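Take a look at the letters that make up each chain.
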Amino acid sequence: MMEIGLPHYLVVSAVLFCLGILALATRRNAVLMLMGIEFILNSANLNLLAFSRYQGLNLEGHVFALFVIILAAAEAAVALAIVLHVYRMNNTVDADRIASLKE
Amino acid sequence: MTADTLLTLVLIILFMPLFSFALLLGFGKRLPRKGDAIATGLMFLNLGLALAVLFGVYALPDTPAIHGFALTPIQMNFQWIDFHTTISVFGNTIPLQIELGIMIDRLVAIMLVVVTLITALVHLFSIGYMHGDPKYHRFFAYLGIFAFSMLGIVITNNLLMMYAAWELVGLSSYLLIGFWYEKPRPGYAATKAFLMNRVGDIGMWTGIMILFTSYGTFRFDQIFAHIAAGHLPFGSEAWLTAAGILIFMGAIGKSAQFPLHTWLPDAMEGPTPVSALIHAATMVAAGVYLVARTFPMMSGGALIVIASIGTITAFVAATIAIVQNDIKKVLAYSTVSQLGYMVLALGVGAFTAGFFHLVTHAMFKACLFLGSGSVIHAMHHGLHKIHDHDTDPQDVRNMGGLAKKMPVTFATFLIATLAISGVPLFSGFLSKDEILAGAWAFGGLRGELAVIVPWVGFFVAALTAFYMFRVVILTFFGESKRPDIFEHVHESPMTMKIPIIVLATLSIFIFFSFNPFSGPSGWFVKSLPAPATVTGEHWYQFAHGEQAHGEATHAEGMHGESAGEESTHGESTADEAVAVTANPAQEAFEHAVHESHIPAMITSLLLALSGIALAFAVYRRKMIDPDKVAEKTGPLYRFLLNKWYFDEIYELWVVVPGVHLISRMMRWIDTNIVDGAVNGVASITTWQSRISGLFDKWVVDGAVNGAAYVVGFFGILFRKTQTGKIQAYIAFLLAGVVVLFYVFR
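Residue numbers (numbering that gives the first Met the number 0), protein chains in the order written: chain A, 0 to 102; chain B, 0 to 744.
The hints are simulated quantities; they were obtained by calculation from the structure and are not laboratory data. A hint or two may mislead.
EDC-like mimics (lysine to aspartate or glutamate), calculated; alpha carbons at most 16 Å apart, straight line [said to hold, decoys possible]:
{"no.": "1", "chain 1": "B", "residue 1": "Lys724", "chain 2": "A", "residue 2": "Asp95"}
{"no.": "2", "chain 1": "B", "residue 1": "Lys328", "chain 2": "B", "residue 2": "Asp646"}
{"no.": "3", "chain 1": "B", "residue 1": "Lys182", "chain 2": "B", "residue 2": "Asp389"}
{"no.": "4", "chain 1": "B", "residue 1": "Lys404", "chain 2": "B", "residue 2": "Asp325"}
{"no.": "5", "chain 1": "B", "residue 1": "Lys33", "chain 2": "B", "residue 2": "Asp132"}
{"no.": "6", "chain 1": "B", "residue 1": "Lys724", "chain 2": "A", "residue 2": "Asp93"}
Keep in mind that this is a model prediction, so the values were computed, not measured.
In isolation and in its complexed conformation, chain A is listed as follows:
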């Protein structure tokens, strides 16, 4: 059985990041795009914790990750509120159709 090391975490993290980017770039639904952002943030968290664990950074990584989680929670709250409002105004959450600022 293979020992699980830093590269494994980094690979998982990179995959998560790519998935997040992909969701962000391809989905038109705003809620799903927010989920993509959550993916990206969590991949970063994973990176931080992995480095913290394997590179002897002690608790700095954990603290950082905690901050990111708090930030993500705040971000989700604000973003969902915006989305809700956008839905009320436009009756849709399709990003392509919310283009009233476009020329």
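Chain A is fixed; fit chain B onto it per the hints.
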């Protein structure tokens, strides 16, 4: 003390009040007690220094130098302006330069004490009198600048500095008379005093310039030396006389002589301590001092004018004073009258008598003014208590019986009145007697019309006694005419009592002569003999023989000419100073004065006593009703009550046409010069604005529009990237991230 020490002390005395002025003007409000204690203390210190100078001068050896009119006075000169060119004066080539300087002699020393004494006492008095005034500290500052200017007049040894200090006195008196400028009358009175003084000063400056263009110097000693050497201005006696009369014009303005006397009574609008300071003791004395200072160069022609003006002034003012009801107005006209006396004395050649009267008058008149200030203060208080703001607190018709309530003020006022009336045992008797003896001798020697001078002199002596006792009786004796005010009247505080007590004490004979009936035997008259005139045969020529023409006069005396000399002290060259020999006419006059001394004394004493008796008969015993007399002599009474209509005449003949002429000139200047300048500026502005309009249109607007166009162009270009599709933006973002990775790899 040596002469140098004395000169230094004199400089300190001069600048002390200026220091007080600067201190109070700058920090007055922040100083403890608003600085009155500091100012008063400095003035008393100054008085101490002046006394030291007086004793120092009298301790010096008795050479002509300390009489001041020798050709080598004790003086100190500073070069002020050097024109780096030379002028030719009566055959001598001298560098053209202007010197400032001070001198010290007995005349200066006595004046220093008089000025600093009155200033210090007035400061003390003002602490009580001006208490609570909103501009309290500024009042003391003005007193300081006034004292500085006055001391400047006293100690200078040249006409230029004299003129500068003269104008400074004019300025500071303007500030003091108009101290309550919020009210219209003080402001008007201050302007009037200032302008009337200017009229005299124009003459004074012209006279100074006649002397300067002739002799190239302003210094007294050098001018006297030139005249003594027979150098007349422009080579004629008429110019010398003209210079004398023109310089005397300055004195006419400052000493309120006829016909420029009308400013002084109006100047009573100032605070009463100011009246005591400038209208009794110092500023008005400046004119007399100027004449005394230039006495040696006054020719007979100039002196006769001076004597005439003095006689007219003494008479006119005394007649007006009889009928005035304002206590300060009576004192004002009495001041004018007494100044006329002094000028008269100098004019007839009785130099010592005139200066003696100046000193004694300064004491008792300051006492009278401060005493009247005390009365007015009390009346004001009484009126304030009964909430009466319309009654005049200065009107003697509202007073009476005040002796009971204000014993100190009454006693001092009475002493000063006895002094001014010429009652023996008081200082005024000594000096007035000297003047009358001089006038008597003059009338006797010249004969003809000149006898008017002593006649008027004696008549005025009687009038003076009468009107002064009229005021005393109406103010202090009998029953109060307004018991409601009387009830609240009370004696003044200590700061106001001390000055009048001191001044009343100094009005007693003992300070001037130990013999109460003989002024000439006292130290004062003995120490100040009349200076020898330098005008030689241009002086009075009395008809009575003795005048073997002073051919032997003019010895050398041009030694003062070596200009640039820093200091010429009297002691070393004392024998040279005797260069001016005695004038036979002057000797004859002195002799005649000596002879007429006793008869003049008896006559003046009788007249003064009869004047006092008449005053008591009319106003105390009520034997004659003054109202009925006024009724019977209707036109004369109104003529006097309206002050001989001088103000009306000036209004009609000078002020109105003058204002008319000036307003026409001003109108022309306004329409042609001022309006022209305004219109010119306007058209220049129009042209300039047209040019800047074009600049605005093409350059500024061009730049603004150009910037907008450039921005718009790029805006259109970059607008294409704003697709509104979020995925597109994210794609751009990713592309950008990739590029950054590539760059910072």
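Going down the list of hints, with the structure as the test:
Note on Lys724(B) and Asp95(A): the hinted pairing holds, with a Cα-Cα distance of about 5 Å set against a maximum of 16 Å. Between Lys328(B) and Asp646(B) the CA atoms are separated by roughly 15 Å; this keeps the pair inside 16 Å, and the hint holds. Between Lys182(B) and Asp389(B), the direct Cα distance comes to roughly 15 Å. Compliance with the 16 Å bound is thereby established for this hinted pair. Simply put, Lys404(B) and Asp325(B) have alpha-carbon atoms about 20 Å apart, too far for the 16 Å limit, and the pair is violated.
For the hint pairing Lys33(B) with Asp132(B), the CA-to-CA distance comes to about 11 Å; that is within 16 Å, so the pair holds. Taken as a hint, the Lys724(B) and Asp93(A) pair is honoured in the structure, with Cα atoms around 10 Å apart against an allowance of 16 Å.
Going through the hint list in order, the structure does not satisfy hint 4, though it satisfies all others.
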